[in-house]
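Engineer: Throw the hints in and build the complete structure from the sequences for me.
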Amino acid sequence: MVATFWRAAAIAALALLAGFLLSLVLRPSPTAPAPELPGFYLSKTDPAAPDLSFLDQDGQPRTFADYRGRVLVVFFGFVRCPDVCPTRLFELAQVVKGLGPARDRVQVLLATLDPERDVPEVLKGYVAAFDPGFGGLTGTPDQMATLAQRFYVAWRKAPLGADYTIDHSAATYLVDATGRRVYVAGSDTTDKQLFAALGVLASQEIP
Amino acid sequence: MSDLRYPRAAIAGALVAISLLPGVARAADIVIERPWSRATPPGATVGAGYLVIRNTGKSADRLVGAATPAAAMVQVHEIRMADGEMQMREVDDLEIPAGGSVHLEPGGLHLMLMDLVAPLVTGTTVPVTLEFAGAGRVPVELAVAPPGAPGPTP
Numbered sequence: 001m002v003a004t005f006w007r008a009a010a011i012a013a014l015a016l017l018a019g020f021l022l023s024l025v026l027r028p029s030p031t032a033p034a035p036e037l038p039g040f041y042l043s044k045t046d047p048a049a050p051d052l053s054f055l056d057q058d059g060q061p062r063t064f065a066d067y068r069g070r071v072l073v074v075f076f077g078f079v080r081c082p083d084v085c086p087t088r089l090f091e092l093a094q095v096v097k098g099l100g101p102a103r104d105r106v107q108v109l110l111a112t113l114d115p116e117r118d119v120p121e122v123l124k125g126y127v128a129a130f131d132p133g134f135g136g137l138t139g140t141p142d143q144m145a146t147l148a149q150r151f152y153v154a155w156r157k158a159p160l161g162a163d164y165t166i167d168h169s170a171a172t173y174l175v176d177a178t179g180r181r182v183y184v185a186g187s188d189t190t191d192k193q194l195f196a197a198l199g200v201l202a203s204q205e206i207p
Numbered sequence: 001m002s003d004l005r006y007p008r009a010a011i012a013g014a015l016v017a018i019s020l021l022p023g024v025a026r027a028a029d030i031v032i033e034r035p036w037s038r039a040t041p042p043g044a045t046v047g048a049g050y051l052v053i054r055n056t057g058k059s060a061d062r063l064v065g066a067a068t069p070a071a072a073m074v075q076v077h078e079i080r081m082a083d084g085e086m087q088m089r090e091v092d093d094l095e096i097p098a099g100g101s102v103h104l105e106p107g108g109l110h111l112m113l114m115d116l117v118a119p120l121v122t123g124t125t126v127p128v129t130l131e132f133a134g135a136g137r138v139p140v141e142l143a144v145a146p147p148g149a150p151g152p153t154p
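First to last, the protein sequences are chains A and B.
Numbering-wise, the first sequence is residues 1 to 207 according to this note's numbering.
Numbering-wise, the second sequence is residues 1 to 154 according to this note's numbering.
Quick caveat, the hints were computed from the structure, so don't treat them as lab data.
All clues stand as given, with none of them false.
Listed next, with one range per pair, are the computed distances between beta-carbon atoms:
1) B:H103 with A:P132: 28 to 34 Å
2) B:P154 with A:Y41: 37 to 43 Å
3) A:R103 with B:D93: 44 to 50 Å
Model, not experiment: these values are computed from the prediction.
Each residue gets a CB set at the ideal place from its N, CA and C atoms; glycine is no exception.
Structural biologist: Put into structure tokens, the structure is as follows:
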């Protein structure tokens with residue numbers, strides 16, 4: 001009787017232990033709590049959403065999962081933007097240069113809001129002028145509209161003489177190296193805070 | 001003696017009056033400082049021009065046009081933040097107040113060089129002719145800094 005009780009207890013304990021260990025393995029990543037990044041807030045955007053796909057600057061079909069292991073700095077803009085986009089890309093190049101060895105774990109991406117004009121080869125040459133390591137995201141108008149929507153980017157084409165320009169919110173987004181979390185810079189976030197945030201995210205262990 | 005005194009005063013008075021008339025800024029009243037631009041990366045078909053327009057005259061003037069052999073068209077654009085969006089709009093008529101200045105600089109006003117004939121190259125200059133309502137045509141040379149540079153190369 002007593003032996004049966006202890007056997008049952010041992011089996012229950014083993015089952016509990018096995019369940020606990022299994023839960024560690026199966027727990028949805030990311031497991032670690034999101035780090036506090038001054039100047040940034042955690043977005044509800046899920047970069048792993050199955051309908052987020054695009055082309056990179058080489059015309060390769062991509063999802064954010066393909067960039068796993070690298071922290072992404074995503075900036076929405078377009079090549080035919082003479083002032084704001086070059087200014088921001090120049091600043092981002094300065095920040096990234098200062099990272100030292102951690103630079104290899106950071107990827108800056110210009111996500112175009114003008115995919116009809118900004119085909120991969122246009123985007124590639126453009127971003128490389130700011131830093132040879134910079135990349136770009138483009139795709140069909142639908143793909144880019146979905147991407148912008150999921151990142152809560154407000155944008156629209158606005159007429160400019162016989163041409164058009166694109167009004168857009170100009171926040172900087174960070175996708176962590178697990179490809180699961182998105183951080184958004186506030187309107188007054190400094191590049192010093194961006195530099196610090198990249199340092200934290202680039203040194204995170206990837207589960 | 002008295003015959004000569006009055007005409008002289010009249011001429012002097014007329015000159016003062018003319019110089020005070022609005023829109024009679026002379027070319028010498030418009031001074032351009034720090035004219036610069038940024039090299040354009042491959043694929044970019046537009047460039048920007050930045051400068052400070054100082055009006056040393058006694059009447060306001062207006063920048064009404066600009067042209068360059070380097071681009072099909074030049075417009076004055078303003079970047080502004082509205083409803084959380086960066087917007088870029090054409091400014092038809094840019095007033096330069098008497099005794100004041102207007103800064104065209106990144107994130108604010110700029111000359112937009114549209115449909116560039118060739119990419120703008122760091123270290124070169126781009127000739128632009130500015131047209132003012134009063135001062136007429138004022139030529140400037142934009143010094144080209146690297147892509148996205150925050151200011152002209154010293």
